[in-house]
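2 protein chains.
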Amino acid sequence: MRTLIKHALAASEPKDNLIIKGWVRTRRDLKGFSFLELNDGSCLANLQVIVDADRPGYEQMPRLTTGASAVIEGSLVASQGSGQKWEMRASRVTLIGESDAAYPLQKKGHSLEFLRTISHLRPRSNLFGAVFRTRSRLAFAVHQFFQERDFVYVHTPIITASDCEGAGEMFRVTALKGNVDEKPEEDFFGKRTYLTVSGQLEGETFACALSNIYTFGPTFRAENSNTARHAAEFWMIEPEMAFCDLQGDMDLGEAFIKSMAKYTLEHCAEDLALFAKFVDKEVISRLQFVVDRPFQRVPYTEAVEILKKSGKKFEFPVEYGQNLQSEHERFLTEQHFKCPVTVFNYPREVKPFYMRLNDDAKTVTAMDILVPGIGEVIGGAQREERLDQLRENMRYHKLNEADYWWYVDLRRYGTVPHAGFGVGFERLLMFLSGVGNIRDVVPFARTPGSADF
Amino acid sequence: MRTLIKHALAASEPKDNLIIKGWVRTRRDLKGFSFLELNDGSCLANLQVIVDADRPGYEQMPRLTTGASAVIEGSLVASQGSGQKWEMRASRVTLIGESDAAYPLQKKGHSLEFLRTISHLRPRSNLFGAVFRTRSRLAFAVHQFFQERDFVYVHTPIITASDCEGAGEMFRVTALKGNVDEKPEEDFFGKRTYLTVSGQLEGETFACALSNIYTFGPTFRAENSNTARHAAEFWMIEPEMAFCDLQGDMDLGEAFIKSMAKYTLEHCAEDLALFAKFVDKEVISRLQFVVDRPFQRVPYTEAVEILKKSGKKFEFPVEYGQNLQSEHERFLTEQHFKCPVTVFNYPREVKPFYMRLNDDAKTVTAMDILVPGIGEVIGGAQREERLDQLRENMRYHKLNEADYWWYVDLRRYGTVPHAGFGVGFERLLMFLSGVGNIRDVVPFARTPGSADF
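Chains as they are written, first to last, in the numbering used here: chain Y, 1 to 453; chain B, 1001 to 1453.
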């Protein structure tokens, strides 16, 4: 029975009859024996294996090159060297699959750009093994966070005929050939369909039945942005709570961010140490900052005044009635307040129709959560639950009410104050790992001009 | 602070100063007081509330009709009636949102067909509340099953330029207008792209780095099938294990099915009882059957002989070299073996190129797991890990090797025996709940001619 290297290295005592299966990272041949560094992806660390020249299979040693796969039988013994606690003494070595000289991960020090061209092999490297183990653990931590709080996970649709934001940039989905605009009524679904940009509106229908729900699924933007922060396909987390106002929404968002930072520090320590060493020296202290410091809440109007009075020269000017830019957000959290910041009550004109209009008739109950190093990591709002006001909002934003009949229905039948937010999972991962390009936290990134593998 | 009804009903002692928020299911007015049945979606059961006529808010009682939302303050006291352990004595009632006479869920006994036309409201019904709570719990149980076993969750791409099965029926994804076949090189990704039918091939690249992985995400078929078992959009779970053969694959698949059946019996008891009462009287005994009985493994060739010798009249004839139909599968598990059955080693010609060719050169290491009531619930295989044989398989299936260069690469660099399987999450839910139509286990179903909401 195979033992994973992470379990072997966590052993509390020596063990005989161990079977390890993995890939060779390096091999050193000395007089009468060889050292193998074996990795199986279960953890960052390799297991060091000592193979004496008289062991069965030793004659295969020259073919156990970097990238080759092997099965090692033997004993786990206390390590003689200074590094790890345990090492393995092989009683038998079996080569499984060779790896020839063309193997692209032979040498260290490849650029991230090059590694993207071999996305099918890069999870075998230290950095990307760490990234994708962390991605998996954090995805599970997201589910745990919400399930422990009695939120129901909802799979909102990927293919949709409606447009949540009322603002284009959607991919078309079609089973038609040739001209797809001629007879859309003959398409698979009998009309034009698109890839969803958000599950929020459908999520609201479930919150208005089951109280607390969340989505966690892929969303899409056909936006021609070639930046380090944009991808055409990314995963979003969108909780929605019935009987909840803006305060409750900020409470949940702040608790979520703190919880994810704490989880990363506690459960991804080995991989996080790698990020701190090679990717972003500040990452651990930044996570500790978010865990330790209380969030500061500040109305948008006040945030604009702080920025204007700061005397700081920004690339983008600060104006009331404009969305804050990343540089503004980072100034607020990193330099002014020196703690994570939640900005709320944004001007109506820069936010979507579904946000609740405040009594001042100028602002809506939007909120953005800002963290150091990245700026906005969560955007949310209390939703407009009043039927007449929602209709007025739709006219204000020039939307056709008939397209949203089912969404409007929620305000007709037992409407409740409700609120939620959205988190881009990849941006969250970039914040938690310090990895600077979204292409490097996605298994196979989809960006303009690139849909390989 | 709000208490969810599921927690109120699970109380171990009476409690004062309780705040319950939910929707009215029914109201009965008696002399001097009223009964309200309140539901908040946190569980199937309603909380019975007694409101005396002298309580603040009692004057709103006539507007607290079915579907209206309300906040009730009061005490949790031992129930006088025969049904539940606890009921609530209101000290104050506050109407939040009215529900007028047009509310479509007023009366009971709507058809499932009608309820699909109000998919935005049906989670407020007993049946669909139960379905979607169960869906959420089982999705989490899937993650728990794999995470506890050290599998890494991988988000394989949704938009893809490759075709896993080599067999069409894919939706096109495009940002082009008008004729989409004229200049596909000018499309968003610089080529034709589609919605994925499976994440398996990409999943294999991660298994060959991290050892044990699983996917859990949406997949798509542009297949014009209007049956109770087909949807154009559905969620799939696809584990993949390095250093694993067909035996290990069957072991994992069987353990998975048993674990899901056990989880449903233990953690979804209240909702499952509803399914047993109104949807499928056999569902509980069928789950117990799968939990209790060991799986029987039988080679395809032997299964065909059993079916031929059975003397049973099937709608579809049984022939070696044909895939088994649902009626054949059900006969094997329900009538012949009277236990869950795993059929393995299928003829090469009916299975995809990536399955491993057996030494008989006629069969491949495929396996299907069959359960009563439904037939196949899991399909999997050991993959072809030998470079030369994989190339021969591709020629046999008339595929172009260049389209799969990265997949072939896995066999060049440290290839390992590996295996995995796929489970359609909706079919699994149908099996576990007894719900007979896939449209009724999906929040908003996508089927030919239908992409509403």
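Calculated from the structure, these hints are not laboratory results. One or more of the hints may lead you astray.
Residues from chain B that keep clear of chain Y, each with C-beta distances beyond 10 angstroms, as calculated [unchecked claim]:
#	residue
1	P1157
2	E1302
3	A1451
With beta-carbon atoms standing in for the labels, derived distance ranges [claimed, not checked]:
#	chain 1	residue 1	chain 2	residue 2	range
4	B	P1294	Y	D292	49 to 57 angstroms
5	Y	Q80	B	G1321	45 to 53 angstroms
6	B	D1360	Y	D280	31 to 39 angstroms
7	B	S1259	Y	E169	52 to 60 angstroms
Cβ-to-Cβ under 7 angstroms is the rule here; a few derived chain B residues that face chain Y [stated by the list, open to error]:
#	residue
8	Q1080
9	Q1084
10	E1254
The structure presented is a predicted model; accordingly, all values stated were derived computationally and were not measured. Note that beta-carbon positions come from the ideal geometry of N, C-alpha and C, so glycine has one too.
Inset, instruction - Tell me, in ascending order, the numbers of any earlier hints that this structure violates. - result: 1, 3, 5, 6, 7, 8, 9, 10
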